[in-house]
Structures are given as structure tokens and as C-alpha cells.
Amino acid sequence: MNKNVGGIDRIARIVIGLVLIVLAATHVIPPWGWLGVIPLLTAAIGWCPAYTLFGFNSCKAR
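Going by the numbering used here, 53 is the number at position 53 of the sequence shown; the sequence numbering is gapless.
Keep in mind that the hints are not guaranteed to be accurate.
Stated by the list, open to error - Derived CB-CB ranges, DEER-like:
1) Trp32 to Asn2: 26 to 32 Å
2) Val19 to Ser58: 18 to 24 Å
3) Lys60 to His27: 17 to 23 Å
4) His27 to Gly55: 34 to 40 Å
5) Val19 to Phe56: 20 to 26 Å
6) Gly6 to Leu35: 19 to 25 Å
7) Pro30 to Asn2: 33 to 39 Å
8) Trp47 to Leu18: 18 to 24 Å
9) Thr26 to Thr52: 31 to 37 Å
10) Gly7 to Gly55: 15 to 21 Å
11) Leu23 to Ser58: 22 to 28 Å
12) Val28 to Lys60: 34 to 40 Å
Bear in mind the hints are in silico, worked out from the structure with no lab data behind them.
In this text, a Cβ means the ideal position worked out from N, Cα and C, and glycines have one as well.
Turn these sequences into a full structure, and let the hints guide you.
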């Protein structure tokens, strides 16, 4: 499994994931906000299955 998520993309995924989780935990948005775990996981491992599907790569190093 090659990495396909780059640095800025990772930061954006972490921020979006945390915002969704916090908003869901504080009941500002419905429970679907817990899906914020997905961008956090893809940022942590550096690989996104959707990117692989569409042939996209934001990672400079191969």
C-alpha cells in the first residue's frame, strides 16, 4: 500500500476530522459527525482508498 496523501492534505484531513468529531460530541450536529474518524484514519496512515480508486496522489514522495 503506497502512500497517496501528502502533507497539506493530511493537515486538512486532521482538522476536518477533529471538527466533525467535536461538533458531534457536543451535539451541535447529528451523530453522522462521528464519520470524522475516517479522515483522521486516512491522515494517520497516509493512504486514501478513494484516491486510489480515482488515481489521485497528493504525496510528493513515492
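Item to check | C-beta pair His27, Gly55: status relative to the range 34 to 40 Å that was hinted | outcome: Holds: the Cβ-Cβ distance is about 39 Å, inside 34 to 40 Å.
Checklist entry - Does 33 to 39 Å hold as the CB distance between Pro30 and Asn2, or does it fail? => result holds (35 Å)
Next on the checklist: Taking the Cβ atom of Gly7 and the Cβ atom of Gly55, is their distance within the range 15 to 21 Å?
Outcome noted: holds (20 Å)
Checklist entry - Val19 and Phe56, beta-carbon distance inside 20 to 26 Å? => result Roughly 23 Å apart at Cβ, these two residues keep to the hinted range, so it holds.
Checklist entry - Taking 18 to 24 Å as the hint, is the beta-carbon distance of Val19 and Ser58 inside that range? => result holds (20 Å)
Checklist entry - Does the Cβ distance between Lys60 and His27 fall inside 17 to 23 Å? => result For His27 against Lys60, whose Cβ atoms are near 40 Å apart, the range 17 to 23 Å is violated.
Checklist entry - Do the Cβ positions of Thr26 and Thr52 conform to the proposed distance bound of 31 to 37 Å? => result holds (34 Å)
Checklist entry - Holds or violated: 34 to 40 Å for the Cβ distance of Val28 and Lys60? => result The hinted range 34 to 40 Å holds for Val28 and Lys60, with Cβ atoms some 36 Å apart.
Item to check | Distance restraint evaluation - Trp32, Asn2, Cβ atoms, bounds 26 to 32 Å | outcome: The hint (26 to 32 Å, Cβ to Cβ) holds, given that Trp32 and Asn2 are roughly 30 Å apart.
Checklist entry - Using the C-beta atoms of Leu23 and Ser58, is the stated range 22 to 28 Å upheld? => result holds (25 Å)
Checklist entry - Quick one: are Trp47 and Leu18 within 18 to 24 Å, going by C-beta? => result holds (19 Å)
Item to check | CB-CB spacing for Leu35 and Gly6 relative to the 19 to 25 Å hint | outcome: Hint holds: Cβ distance 22 Å, inside 19 to 25 Å.
Of the numbered hints listed earlier, the single one contradicted by the structure is hint 3.
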